[in-house]
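So the protein sequences, as listed, match chains A, B and C. Counting in the working numbering, the first sequence runs from 351 upward without gaps. Counting in the working numbering, the second sequence runs from 125 upward without gaps. Counting in the working numbering, the third sequence runs from 774 upward without gaps.
Derived from the structure by calculation, the hints contain no laboratory data. Model, not experiment: these values are computed from the prediction. Just so you know, even glycine gets a beta-carbon here, dropped at the ideal spot from N, CA and C. Honestly, I wouldn't trust all of these hints.
[Said to hold, decoys possible] Quick list of in silico lysine-lysine cross-link-like pairs, BS3-like style, CA-CA up to 30 angstroms: (1) B:K177 / C:K1035; (2) B:K177 / B:K247; (3) A:K379 / A:K564; (4) B:K272 / B:K177; (5) C:K1035 / B:K151; (6) B:K151 / B:K177.
[To be verified] Chain C side only, calculated, beta carbon under 7 angstroms to chain B, not exhaustive: (7) F814; (8) L854; (9) L937; (10) M965; (11) V969.
[Claimed, not checked] So the derived label-pair ranges between C-beta atoms look like this: (12) A:E584 / B:T129: 22 to 28 angstroms; (13) B:T129 / A:E543: 39 to 45 angstroms; (14) C:G804 / A:P611: 42 to 48 angstroms; (15) C:L778 / B:G266: 53 to 59 angstroms; (16) A:G528 / C:R795: 34 to 40 angstroms; (17) C:A811 / B:T132: 38 to 44 angstroms.
Here is what each chain is made of, one letter per residue.
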Amino acid sequence: MTGIAERPGTHQVEISDLNFGYGERPVLKGINLTVPKGGLVAIMGLSGCGKTTLLRLMGGQLQARQGSVRVAGQELNGMTEGQLYAMRRQVGMLFQFGALFTDLSVFDNVAFQMREHTSLSESMIRDLVLMKLNAVGLRGVQGLMPSELSGGMARRVALARATALDPSLILYDEPFTGLDPISLGVIGRLIRELNDALGATSVLVTHDVQESMKIVDYIYFVSDGVIIAQGTPEEIRTSHLPFVHQFVWGEADGPLPFHYPGLPLPRDFGLSAAGG
Amino acid sequence: MNRATLNTWVGLFVLLGFLAFLMLAFKVGNLSLGGGSGSYDLVAHFDNIGQLKERAPVRSAGVLVGRVRSVSFDARHYNAEVHLSVDAQYHFPRDSSASILTSGILGEQYVGLDAGGDDKMLKNGDEIKLVQGAMVLERLIGQFLFNKAQDGGNDKSSNAKGAP
Amino acid sequence: MMGSLVRGLQNIGDSALRIIERIGAVVLFLGQILGHSAPSFRRFSLVIREMYYAGVQSLIIILVSGLFVGMVLGLQGFETLQSYGSSESVGVLVALSLMRELGPVVSALLFASRAGSAMTAEIGLMKATEQLSAMEMMAVNPLARVVAPRFWGGVFSLPLLAVLFGAMGIIGGFLVTVVMLGVDSGAFWSQMQAAVDFRHDVVNGMIKSLVFGVAVSAIATFEGFEAPPTAEGVSGATTRTVVSSSLAILALDLLLTAFMMKGWN
Chain A
351 MTGIAERPGT HQVEISDLNF GYGERPVLKG INLTVPKGGL VAIMGLSGCG KTTLLRLMGG
411 QLQARQGSVR VAGQELNGMT EGQLYAMRRQ VGMLFQFGAL FTDLSVFDNV AFQMREHTSL
471 SESMIRDLVL MKLNAVGLRG VQGLMPSELS GGMARRVALA RATALDPSLI LYDEPFTGLD
531 PISLGVIGRL IRELNDALGA TSVLVTHDVQ ESMKIVDYIY FVSDGVIIAQ GTPEEIRTSH
591 LPFVHQFVWG EADGPLPFHY PGLPLPRDFG LSAAGG
Chain B
125 MNRATLNTWV GLFVLLGFLA FLMLAFKVGN LSLGGGSGSY DLVAHFDNIG QLKERAPVRS
185 AGVLVGRVRS VSFDARHYNA EVHLSVDAQY HFPRDSSASI LTSGILGEQY VGLDAGGDDK
245 MLKNGDEIKL VQGAMVLERL IGQFLFNKAQ DGGNDKSSNA KGAP
Chain C
774 MMGSLVRGLQ NIGDSALRII ERIGAVVLFL GQILGHSAPS FRRFSLVIRE MYYAGVQSLI
834 IILVSGLFVG MVLGLQGFET LQSYGSSESV GVLVALSLMR ELGPVVSALL FASRAGSAMT
894 AEIGLMKATE QLSAMEMMAV NPLARVVAPR FWGGVFSLPL LAVLFGAMGI IGGFLVTVVM
954 LGVDSGAFWS QMQAAVDFRH DVVNGMIKSL VFGVAVSAIA TFEGFEAPPT AEGVSGATTR
1014 TVVSSSLAIL ALDLLLTAFM MKGWN
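Same shape as in the complex, but just chain A (with noise of 0.2 angstroms):
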């Protein structure tokens, strides 16, 4: 399988052959993966499975020990200090809880890049701000604090704030964890909407199958460091392989068994010396 491979250079993120580990401990082992231009993927996969540690490599906060990431046609393996910094101008993250900034206000937290990188007037910036605050529903909420929000329309204001400066490249942390029902419709949706509305490119990691199914395009599934299956939605809900289906219709046992391994039962409980 080649992924939606299309003619090199239309990908928006190339991964090809990536190794990586904290300390002795390998997290990723050989991942191939690509991310065409204007589409939205999902990496999904268990917790601790890897998916966060590959959105950080896409966001060059980490470096790969072997293989290359590349972001819009550019090597991030060996890129200074300076020409990450400029690379991440393009690019959008919405963080697992939001990870608004406590001290500033909601609308403060989406001027903030503007007022970083770009000179433009107070008067400019409070429009661009209400109609990012807009596209997400919340120009109502401008004036509070972010612990005055609940955790859908924070997720919504850092929705808002990850895609101020109109990034080409956003990368959503686990974005439907811990909301309610309502909540992750909505995120849902926006995050279909303004990939297209952006002409932007989405990589979602998320472990929530059903949410997810309904907006992207493709799926890659991770499981202890590898590529184990991918395919268009459709194609991984008739999966036949045990462990996708078992994660997609969130059987309790299946390949990945209810109990984690240890000493065999009897042996706990003590049992196999009055067995024996």
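Dock chains B and C against chain A, hints included.
Relative to the frame of chain A, chains B and C by itself:
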């Protein structure tokens, strides 16, 4: 917090700090405006300086007129070379004398300047020729005992002669 | 027996190495802060904001402590000096101990526990909640935007606080000895002025507090920036800030005092 309020508070803080600094400089420390135009150096050689330290006061008629800038051993004359830094607003005649004195019984030692009668004044780098070193307690006691012993010896010898 | 002795020695060696390693890490971090300080001065409002949190919010504790310390010094000094019949010199005692030692040292210790710990906790929490990561992804260096302004805010605040502490202490000493115990006011001030030297006592004290400000701010921001991103990690880092900056203040005080007494006339 509003930016204007913030700036006001920090401004107030800096102002308070500056006022406190001025208080420490002028009310507590001995920095003075105008008179702080500088100082000039004088040199004096003493046979013995006792406990005199750098930065000890230089007084004339009991008034602080300067400080000891440095104390060193003069290897050629085998005595102590003392540099005095005297406030530029005070001038002393060429034949003034310097002596090392003690304030109180246990107090610090200082250099006392006694003005002479010469028309010419001491200039920067000049040496004070008339000096009186420190009184060292052991020598004073030694001298006292020696004198006493001499007196006592005389008395005793006369008494001895008269004794039966 | 031998084994435990060797192990004991090893432990001592290990902790000594760890301490040196940590000092080295703080110094390197200080270098990084200095390298990323340009934006703090281009946008000085960032530093002013931190001076509010580090300086203005420490004002009350500094002023009140200064007053009390001065009063105690006045009482103790009066008690002792009276038996030598020189209670007028109490002003000298109060002023010299405040200018040379207590002002810079006590205000730095208070600053470390009041503002330093807050700095660590704030930066540590920003890290734990991924705010620093988010900033990095927005192409803004957290060292330049978060750490450096806090560092400079601390460095500028502490000497001001130390001066205020000293001034308050002298007022406290004045209140106790002159107003309450009846020492002559003229003698109090004149003896003080004769004994306190502007450059050697006042300015040296300020140099001390400037050095302490650099040390405390560097340690506090370092601990926050390097804190493990958990609740436990942040609380541990906060404690470490107070402990290591207090030790650093006292050790640096010894060094600086020795330097100032010996030389650089």
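Now the hints, each set against the structure:
1. B:K177 / C:K1035: Within the cut-off at roughly 12 angstroms; holds.
2. B:K177 / B:K247: Measuring from Cα to Cα gives roughly 23 angstroms; hence the hint holds.
3. A:K379 / A:K564: Holds, at about 29 angstroms.
4. B:K272 / B:K177: Cα-Cα ~33 angstroms, so violated.
5. C:K1035 / B:K151: holds (27 angstroms)
6. B:K151 / B:K177: With a Cα-Cα distance of about 25 angstroms, the restraint between K151 (chain B) and K177 (chain B) holds, given a limit of 30 angstroms.
7. F814: violated (16 angstroms)
8. L854: violated (12 angstroms)
9. L937: Where the cut-off is 7 angstroms and the nearest Cβ of chain B is about 5 angstroms from L937 (chain C), the hint holds.
10. M965: holds (6 angstroms)
11. V969: holds (5 angstroms)
12. A:E584 / B:T129: 22 to 28 angstroms: violated (58 angstroms)
13. B:T129 / A:E543: 39 to 45 angstroms: Taking Cβ atoms as reference, T129 (chain B) and E543 (chain A) lie about 40 angstroms apart, which means the hint holds.
14. C:G804 / A:P611: 42 to 48 angstroms: The hinted range 42 to 48 angstroms holds for G804 (chain C) and P611 (chain A), with Cβ atoms some 47 angstroms apart.
15. C:L778 / B:G266: 53 to 59 angstroms: holds (56 angstroms)
16. A:G528 / C:R795: 34 to 40 angstroms: At 37 angstroms between Cβs, range holds.
17. C:A811 / B:T132: 38 to 44 angstroms: violated (27 angstroms)
Violated hints for the displayed structure, listed by number in ascending order: 4, 7, 8, 12 and 17.
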